[in-house]
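Let chain H serve as the given structure and place chains W and Y on it in line with the hints.
Protein chains in written order, with our numbering: chain H, 1 to 260; chain W, 1 to 152; chain Y, 1 to 267.
Hints listed in this document are in silico derivations from the structure and should not be mistaken for laboratory results.
Be a bit skeptical, because a hint or two may be false.
To be verified - Residues from chain W that face chain H, not an exhaustive set, calculated with beta carbons under 10 angstroms:
{"hint": "1", "residue": "T9"}
{"hint": "2", "residue": "V14"}
{"hint": "3", "residue": "A18"}
{"hint": "4", "residue": "A20"}
{"hint": "5", "residue": "G22"}
{"hint": "6", "residue": "V28"}
{"hint": "7", "residue": "R55"}
{"hint": "8", "residue": "Y73"}
{"hint": "9", "residue": "A104"}
{"hint": "10", "residue": "Y111"}
{"hint": "11", "residue": "L147"}
To be verified - Some chain W residues well away from chain H (every beta-carbon gap over 10 angstroms; in silico):
{"hint": "12", "residue": "L6"}
{"hint": "13", "residue": "E7"}
{"hint": "14", "residue": "V10"}
{"hint": "15", "residue": "L19"}
{"hint": "16", "residue": "N48"}
{"hint": "17", "residue": "A50"}
{"hint": "18", "residue": "G51"}
{"hint": "19", "residue": "T64"}
{"hint": "20", "residue": "V69"}
{"hint": "21", "residue": "F81"}
{"hint": "22", "residue": "S115"}
{"hint": "23", "residue": "Q133"}
{"hint": "24", "residue": "E140"}
{"hint": "25", "residue": "K144"}
{"hint": "26", "residue": "N148"}
{"hint": "27", "residue": "A151"}
Given the structure is predicted, the values throughout are model-derived calculations rather than measurements.
Cβ atoms here follow ideal geometry from the backbone N, Cα and C, with glycine treated the same way.
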Amino acid sequence: MMDWVARLGRGSLDRIAVLGRATVMLAQAIFGRSQVGVSWRLTLAQVHAVGVLSLSIILVSGLFIGMVLALQGYTILVDYGSEQALGQMVALSLARELGPVVTALLFAGRAGSALTAEIGLMKATEQLASLEMIGVDPLRRVIAPRFWAGCISLPILSIIFVAIGCLGGALVGIVWLGVDAGSFWANMQSATDFGADIMNGVIKSIVFGVVVTWIAVFQGYDLEPTAAGIARATTKTVVYASLAVLGLDFFLTAVMFGEL
Amino acid sequence: MYHRSLELTVGVFVLLGALALGFLALEVSGLAPQQADGSYRVSARFENIAGLTARAKVSAAGVTVGRVVGIRYDSGTAAAFVDLEISDRYRDFSKDTTAAILTAGLLGEKYIGLSTGGDPDPLSDGDVIFDTQSAVVLEELIGKFLLNMSAN
Amino acid sequence: MVSETQDALVEIDALTFQRDDRLIYDGMTGSIPRGRITAVVGPSGTGKTTLLRLIGGQLKPTRGEVRYAGEAVHRLSRDALFRLRARMGMLFQSGALFTELSVFENVAFPLRVHTDLDEELIRFVVLMKLEAVGLRGAAELMPQALSGGMQRRVALARAIALDPEMIMYDEPFVGQDPIGLGMLLSLIKELNQALGLTSIVVSHDLKETLSIADHVFMIANQRLAFVGSPAAMEASDDPLVQQFLSGGRDGPVAFHYPGPRFQDQIR
Numbered sequence: 001m002m003d004w005v006a007r008l009g010r011g012s013l014d015r016i017a018v019l020g021r022a023t024v025m026l027a028q029a030i031f032g033r034s035q036v037g038v039s040w041r042l043t044l045a046q047v048h049a050v051g052v053l054s055l056s057i058i059l060v061s062g063l064f065i066g067m068v069l070a071l072q073g074y075t076i077l078v079d080y081g082s083e084q085a086l087g088q089m090v091a092l093s094l095a096r097e098l099g100p101v102v103t104a105l106l107f108a109g110r111a112g113s114a115l116t117a118e119i120g121l122m123k124a125t126e127q128l129a130s131l132e133m134i135g136v137d138p139l140r141r142v143i144a145p146r147f148w149a150g151c152i153s154l155p156i157l158s159i160i161f162v163a164i165g166c167l168g169g170a171l172v173g174i175v176w177l178g179v180d181a182g183s184f185w186a187n188m189q190s191a192t193d194f195g196a197d198i199m200n201g202v203i204k205s206i207v208f209g210v211v212v213t214w215i216a217v218f219q220g221y222d223l224e225p226t227a228a229g230i231a232r233a234t235t236k237t238v239v240y241a242s243l244a245v246l247g248l249d250f251f252l253t254a255v256m257f258g259e260l
Numbered sequence: 001m002y003h004r005s006l007e008l009t010v011g012v013f014v015l016l017g018a019l020a021l022g023f024l025a026l027e028v029s030g031l032a033p034q035q036a037d038g039s040y041r042v043s044a045r046f047e048n049i050a051g052l053t054a055r056a057k058v059s060a061a062g063v064t065v066g067r068v069v070g071i072r073y074d075s076g077t078a079a080a081f082v083d084l085e086i087s088d089r090y091r092d093f094s095k096d097t098t099a100a101i102l103t104a105g106l107l108g109e110k111y112i113g114l115s116t117g118g119d120p121d122p123l124s125d126g127d128v129i130f131d132t133q134s135a136v137v138l139e140e141l142i143g144k145f146l147l148n149m150s151a152n
Numbered sequence: 001m002v003s004e005t006q007d008a009l010v011e012i013d014a015l016t017f018q019r020d021d022r023l024i025y026d027g028m029t030g031s032i033p034r035g036r037i038t039a040v041v042g043p044s045g046t047g048k049t050t051l052l053r054l055i056g057g058q059l060k061p062t063r064g065e066v067r068y069a070g071e072a073v074h075r076l077s078r079d080a081l082f083r084l085r086a087r088m089g090m091l092f093q094s095g096a097l098f099t100e101l102s103v104f105e106n107v108a109f110p111l112r113v114h115t116d117l118d119e120e121l122i123r124f125v126v127l128m129k130l131e132a133v134g135l136r137g138a139a140e141l142m143p144q145a146l147s148g149g150m151q152r153r154v155a156l157a158r159a160i161a162l163d164p165e166m167i168m169y170d171e172p173f174v175g176q177d178p179i180g181l182g183m184l185l186s187l188i189k190e191l192n193q194a195l196g197l198t199s200i201v202v203s204h205d206l207k208e209t210l211s212i213a214d215h216v217f218m219i220a221n222q223r224l225a226f227v228g229s230p231a232a233m234e235a236s237d238d239p240l241v242q243q244f245l246s247g248g249r250d251g252p253v254a255f256h257y258p259g260p261r262f263q264d265q266i267r
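Chain H with its partners taken away, still in its complex shape:
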């Protein structure tokens, strides 16, 4: 019994220590002098690596999720004779939930794991130590551009996901299932509010962007520099980031839409 309590205590202390290290890392990466021109170019290159290269998977997933939503929604709504509410259903579920959440999960798998592996490999091959010895802070040079790029890219990807999903829903709903185009769009527009629905979704994806990227770069920076260590850290990134996204999503939804 005492053993168990002691183990619990040690475990909690370890967790707190990890959280502390992650916070210190982020603070040092963000606040600290660096050449502005250089970090801008580095961030741009990282937006390309984590954002542009994730675009294809986001486009394809968004389109299909929008189409599936329309198909599933239609079969339910048609029972109540409310199939003209299809546009509303597709747009609201995408903008409020599926857009930010699915994009963040895909992003954790596609870009987050790549970030962890890349930084981990730089650590294992002593590139980070080498930067330090040349007199360049790897937190500023390697971590900061990747962190900012993730925070910028995820909201953009999420917006694109929602837009392409709505188009996919319209495609299936109007062209295939024959819902009237006018009432599809009119219902969507009257039910969806730019501030309350679209922007709240964007705020969610900004929060997810910060959290997922933070987890990814920290796991890469803090890992044990061996092949096994990189493999473990990559898995951890995907698992922790996904859990954090789902947990935070519930919390954010409760705050944003709870009183409705």
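For chains W and Y alone, coordinates are given in the frame of chain H:
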């Protein structure tokens, strides 16, 4: 050049994001039209608004002409006052316009339907519509139906 | 012989270093002479690489201090530490070239960070450094296209790009074929003689290292087991030094990991 093409693809990426946001604003949430032109406000007094919410649409002959912006309970008359914001483009409703709370489909959302009357004076900012038809409350309807059945 | 403390570049003063629960150094004291090649040797796991990291300020001593040109490294501010590191070069075990940059950009990297030289001058310096390691022709290649030995030579060119006063080599001979090894040995020797660089070579390859070293540090049992010239090391009658030199199985470093007696354990 390497840097040039990198900048270009990132530029296209950001542009695509901006376009998508524009699409969401205009086509999905229908943001622009309401903000572009002015509007005027009238109120309507209802016995029962059962289920009507703010932001519900206001339509005339099936065309959306405005939105519900506020709902108040007036304890003096024991009735609900609903504030409607109607686009300036639809200025020609008569003073004796009637308002009804309608439902889109069987379980659809509640909205307000306006039908204009014969009065030559137009409805103007701050007017109150008293000639209204309240929401159909399903329970009352079923109650009446059962009463008729037992009477027969 | 000149007195060691007088022209010491790096002084190690009562250095104690502990990692997790393991004591790596226990009150180690010694000094590394300026302008010479110092070999740091010792059995595996004695923390030879750790010593380089302590000198470079990447690790902080638990007690005691390491002074570089009279300044205690671990007490420097972050900025001062980064300025200090510009004066020392380090060649990592794996080379540690930046994989996303070409050979040219790798060597140019320290110049771009620490100097305001124009592009033409950077090009001149980089090509000169690459010429010194015999890889000017590989300037536009990516590091992945080079063999391990060539990568290490590029890393050496990068380490000397800023003309440092000291260079630290971390296991430079691991995984080298005899030709690559010979090239590295002569390069280290040449750099030391031509530029008057202070060199610290950490290595397991005793014979090769001793052939170019002026001065030997042997680390064992958390402290310096031997300090002196290679000739004095050969002549030493310390059993630990002799076991290390001859590669003998029996001696102060035991072949058997401590455990119960075999007869007791199989019963």
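Quick rundown of the hints versus the structure:
1. Because the beta carbon of W/T9 sits about 5 angstroms from the nearest beta carbon in chain H, less than 10 angstroms, this interface hint is met.
2. The beta carbon of W/V14 comes within 7 angstroms of a beta carbon in chain H, closer than 10 angstroms, and the hint placing it at the interface holds.
3. Interface hint at W/A18: satisfied, since its Cβ lies 9 angstroms from the closest Cβ of chain H, which is below the 10 angstroms cut-off.
4. Taken as an interface hint, W/A20 checks out: its beta carbon lies about 4 angstroms from the nearest beta carbon of chain H, inside 10 angstroms.
5. This hint holds: W/G22 has a C-beta 9 angstroms from the nearest C-beta of chain H, less than the 10 angstroms allowed.
6. Below 10 angstroms, beta-carbon pairs count as interface contacts, and W/V28 has one with chain H at about 5 angstroms; its hint therefore holds.
7. The restraint placing W/R55 at the interface with chain H holds, with a minimum CB-CB distance near 6 angstroms, inside the 10 angstroms limit.
8. Contact between W/Y73 and chain H, as hinted, is not supported at the beta carbon level, the nearest pair being about 19 angstroms apart and thus beyond 10 angstroms.
9. Annotation: interface hint on W/A104 holds; nearest CB of chain H at approximately 7 angstroms, less than 10 angstroms.
10. Contact between W/Y111 and chain H, as hinted, is supported at the beta carbon level, the nearest pair being about 8 angstroms apart and thus within 10 angstroms.
11. The interface hint given for W/L147 is broken, as the beta carbon of that residue sits about 27 angstroms from the closest beta carbon of chain H, more than 10 angstroms.
12. A beta-carbon of chain H comes within 10 angstroms of the beta-carbon of W/L6; the shortest separation is about 5 angstroms.
13. With a least beta-carbon separation of about 6 angstroms from chain H, W/E7 fails to lie farther than 10 angstroms from that chain, contradicting its non-interface assignment.
14. Its closest Cβ contact with chain H, about 5 angstroms, brings W/V10 to no more than 10 angstroms, contrary to its assignment away from the interface.
15. With a minimum CB-CB distance of about 8 angstroms to chain H, W/L19 fails to clear the 10 angstroms threshold, and the non-interface call is violated.
16. Against the 10 angstroms criterion, W/N48 stays outside the reach of chain H, whose nearest CB is about 22 angstroms from its own CB.
17. For W/A50, the condition that its CB be more than 10 angstroms from all CB atoms of chain H holds, with the nearest at approximately 18 angstroms.
18. Distance check on W/G51: its Cβ is at least 14 angstroms (rounded) from any Cβ of chain H, clearing the 10 angstroms threshold; non-interface status holds.
19. Not every CB of chain H is more than 10 angstroms from the CB of W/T64 (nearest about 7 angstroms), against its label as outside the interface.
20. With a cut of 10 angstroms on Cβ distances, W/V69 stays outside the contact zone with chain H, its closest approach being about 13 angstroms.
21. Its beta-carbon lying about 22 angstroms from the closest one in chain H, W/F81 satisfies the requirement of being farther than 10 angstroms from that chain.
22. Even its closest Cβ contact with chain H, about 19 angstroms, leaves W/S115 beyond 10 angstroms, as expected for a residue assigned away from the interface.
23. In this structure W/Q133 is separated from chain H by more than 10 angstroms, as the shortest Cβ-Cβ distance comes to about 21 angstroms.
24. Taking the minimum C-beta to C-beta distance to chain H, about 21 angstroms, the non-interface status of W/E140 holds against the 10 angstroms cut.
25. The Cβ of W/K144 lies farther than 10 angstroms from every Cβ of chain H, with a closest approach of about 23 angstroms, so its non-interface assignment holds.
26. With a minimum CB-CB distance of about 25 angstroms to chain H, W/N148 clears the 10 angstroms threshold, and the non-interface call stands.
27. Every beta carbon of chain H lies more than 10 angstroms from that of W/A151, the smallest distance being close to 30 angstroms; the non-interface claim holds.
Hints 8, 11, 12, 13, 14, 15, 19 from the list above are not met by this structure, while the remaining hints are.
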